[in-house]
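Protein chains in written order, with our numbering: chain A, 1 to 199; chain B, 200 to 538; chain C, 539 to 581.
Worth flagging that the hints you see were computed from the coordinates, not collected in a lab.
Warning: the hint list may mix true and false statements.
[To be verified] List time: in silico DSS-like cross-link candidates among lysine-lysine, alpha-carbon distance up to 27 Å:
#1 Lys528(B) with Lys430(B)
#2 Lys159(A) with Lys148(A)
#3 Lys408(B) with Lys424(B)
#4 Lys115(A) with Lys557(C)
#5 Lys505(B) with Lys528(B)
#6 Lys424(B) with Lys524(B)
#7 Lys512(B) with Lys408(B)
#8 Lys557(C) with Lys84(A)
#9 Lys415(B) with Lys430(B)
#10 Lys557(C) with Lys106(A)
#11 Lys505(B) with Lys317(B)
#12 Lys260(B) with Lys45(A)
#13 Lys174(A) with Lys260(B)
#14 Lys84(A) with Lys148(A)
#15 Lys408(B) with Lys524(B)
#16 Lys106(A) with Lys260(B)
#17 Lys317(B) with Lys524(B)
#18 Lys115(A) with Lys24(A)
What you are looking at is a predicted structure, and each value in this text was computed from that prediction instead of being measured.
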Amino acid sequence: MARMKFLCDADRCIECNACVTACKNANEVPWGINRRRVVTINDGKPGERSVSMACMHCNDAPCAAVCPVDCFYTTADAVVLHNKDLCIGCGYCFYACPFGAPQYPKLGNFGSRGKMDKCTYCSGGPEGADGSPAEFARYGANRMAEGKLPLCAEMCSTKSLLAGDGEIIAQIYKERVLKRGYGSGSWGWQTAYQESINV
Amino acid sequence: MSSLALVKRIVLAGVFALSMHAASAQTLPDDSAGRPAAPATGLNTDKVEVHEQQLLGEMRKLQGFITIPDTRAATLVQPDGRSWRDYRRGPLLWITAACVLGMLALLLVFYAVKGEIKIAGGRGTATLLRFGAFERFMHWLTAASWCILAISGLNVVAGRAVLLPLMGNDAFSLFSTWAKYSHNFLAFPFIAGIVLMFLVWLRHNIPNKIDVEWFKQGGGFIGNKHPPSEKFNGGQKVVFWIVVLGGGALTVTGLALMFPFYVTDITGMQLAQLAHGGVALLMIAAMLGHIYIGSVGMEGAFDAMKDGRVDLKWAREHHSLWAAKELAKSGDTSPHPAE
Amino acid sequence: MRMFLLAVVVMIAGGIGAKVALDTIQIPASVGFSTGGARPEPE
Ligand code: HEM
Ligand code: SF4
Ligand code: SF4
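For reference, chain A alone in the conformation it holds in the complex:
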């Protein structure tokens, strides 16, 4: 079975934030929650790089490991999803997540952060049938069920953000690095998958 991953080629990302917008639109993400965001390091300085980051759908996902109510599950594509009916909004997954992916509809918790929301790799969630309005309202689009990849990567104008089977996108990245002679690395891969792409 394919092992789905994201890869952001930071040497190509132009920080246009189109992936962020695409995600918001495809999933009707509520105000205040950003399932994907673009972080620019060394902004305005030498060595500036922008990286588009969302949930990396980690191996042995830290969020799933610390969740006190065990509400996460992994799909056959190795996508990490969770069940909002079970979530108690404790915020622990955010502490454990290396990529700051989990978010909450309320800023203070006071016991009421609300249900956690995060990137679903456009795979919907455990509600209703695949692609049903009920699923969409709670978890967002289920493009994977339609055989499509996440919209953020699909419409990235520089093809910096890649989504797909881990081995295939790693291969694409390797070829790029070989051709252009440099590459800042597969951001987050070491932390998420305990491997990086060595070129």
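Fit chains B and C with the ligands to the supplied structure of chain A, relying on the hints for placement.
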């Protein structure tokens, strides 16, 4: 042709290409004629290479600029999240088991060996007022909310391992939601109780020479002597300070957790969590001992919190100096009979 | 044990009071998002 060989070739080619690139960067700092030479710092802005792994080696967590106001999103990678995860799935569970099950086992052994510590010659008829209504109220306010905080706190740590298999996902999630609400909101009565106990009982809990003697004699637990003591003996003073300092630490770290990211960042939140859980578990171990000796462990001790009046014989045994003072104060040589 | 019962009642009242008070100052995550993040001036 195996794909492995292909990968090998690509890797080799990559290493070669990279080394060539590095070499060219070294030997040709400004290779393009017409462009200004590298600035005096040696930095050529066209050629600054960035490597995630190298940055992570230097900085532990990577932070940058974002165009959304949610400052938490500016942290790009914080691998420490994985260590936090490892701690929660390993050591924390063992510490929990040691503090709760280990302490219960110790108390059981103690009870088996020593049994209930009796009042010599049985209860008498005379009693003495040990704790007034307000003292009992604030003690129970703290104790009741503490019990719920401890249970709901332990649920967050170990409920998934212990209760989830028994209850099933839905029931356990519902229970945990309520446990979480109770933990968050009953924290405030608990804090109030801690503050009250601190203010009211502080003057009785300043350590002094009598306590040193009390500890030297093993607090009366070893052998059958009863060292003299005032209102609170050395052991009780230790309990007082564990409650005040532990409760204080739990308040500070607990409020930081309840108002996430108001005062600190992700690292601070993780540390607050570590500290809160650690202090809570130590306090649970200590309080199990305190509950034991205040109930089944010692005849007559519970009366002090039941209606405030203790058996005079008990008071003379365990708090001789205090009992003498109280009797002298009231001039009461024939104290009230037990109800 | 009357003081115990009183303490339990006060505890529950205090807990509910805390919930009501805190819920009134609850902040939805969308607050402040309309302003967006202005890029700082280059150094
Ligand atoms: C003094 C006021 C206290 C406050 C404000 C407070 C607050 C919190 C908060 C916000 C959490 C995070 C979990 C959640 O949101 O449900 C937490 C966890 C926890 N609390 Fe408290 N708490 C307090 C007192 C206590 C006491 C007295 C105990 C036990 C004796 C305790 C034991 C725990 C434990 C064991 C955890 C789980 C820690 C972990 O997951 O590592 N807390 N507390
Ligand atoms: S990136 Fe964060 S939320 Fe996504 S699987 Fe990893 S730990 Fe979980
Ligand atoms: S916020 Fe929800 S999903 Fe995250 S750890 Fe807590 S219960 Fe699990």
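Quick rundown of the hints versus the structure:
1. Between Lys528(B) and Lys430(B) the alpha-carbon distance is near 14 Å, which keeps this suggested pair within the 27 Å criterion.
2. Between Lys159(A) and Lys148(A) the alpha-carbon distance is near 16 Å, which keeps this suggested pair within the 27 Å criterion.
3. With a C-alpha separation of about 18 Å, the suggested pairing of Lys408(B) with Lys424(B) holds against the 27 Å cut-off.
4. The hinted pair formed by Lys115(A) and Lys557(C) meets the criterion: a straight-line CA distance of about 18 Å does not exceed 27 Å.
5. Distance hint between Lys505(B) and Lys528(B) is fulfilled; the C-alpha atoms sit about 23 Å from each other, no more than 27 Å.
6. At roughly 21 Å between alpha-carbon atoms, Lys424(B) and Lys524(B) fall within 27 Å of each other, so this suggested pair holds.
7. Of the supplied pair hints, the one linking Lys512(B) and Lys408(B) holds, its CA atoms being roughly 24 Å apart against a limit of 27 Å.
8. As the CA atoms of Lys557(C) and Lys84(A) are separated by approximately 22 Å, the hinted pair is consistent with the 27 Å bound.
9. A C-alpha spacing of about 18 Å is found between Lys415(B) and Lys430(B), which places the hinted pair at or below 27 Å, so the restraint holds.
10. With a CA separation close to 15 Å, the supplied pair Lys557(C) and Lys106(A) stays within the 27 Å bound.
11. Simply put, Lys505(B) and Lys317(B) have alpha-carbon atoms about 18 Å apart, close enough for the 27 Å limit, and the pair holds.
12. The hinted pair formed by Lys260(B) and Lys45(A) meets the criterion: a straight-line CA distance of about 19 Å does not exceed 27 Å.
13. Using a Cα cut-off of 27 Å, the hinted pair Lys174(A) and Lys260(B) holds, with the two alpha carbons roughly 25 Å apart.
14. For the hint linking Lys84(A) to Lys148(A), the alpha-carbon distance of about 24 Å falls within 27 Å, and the restraint holds.
15. For the hint pairing Lys408(B) with Lys524(B), the CA-to-CA distance comes to about 18 Å; that is within 27 Å, so the pair holds.
16. Restraint check for Lys106(A) and Lys260(B): the C-alpha separation of about 25 Å stays at or below 27 Å, so the hint holds.
17. This hinted pair checks out: Lys317(B) and Lys524(B) have alpha carbons roughly 23 Å apart, not beyond 27 Å.
18. With a C-alpha separation of about 18 Å, the suggested pairing of Lys115(A) with Lys24(A) holds against the 27 Å cut-off.
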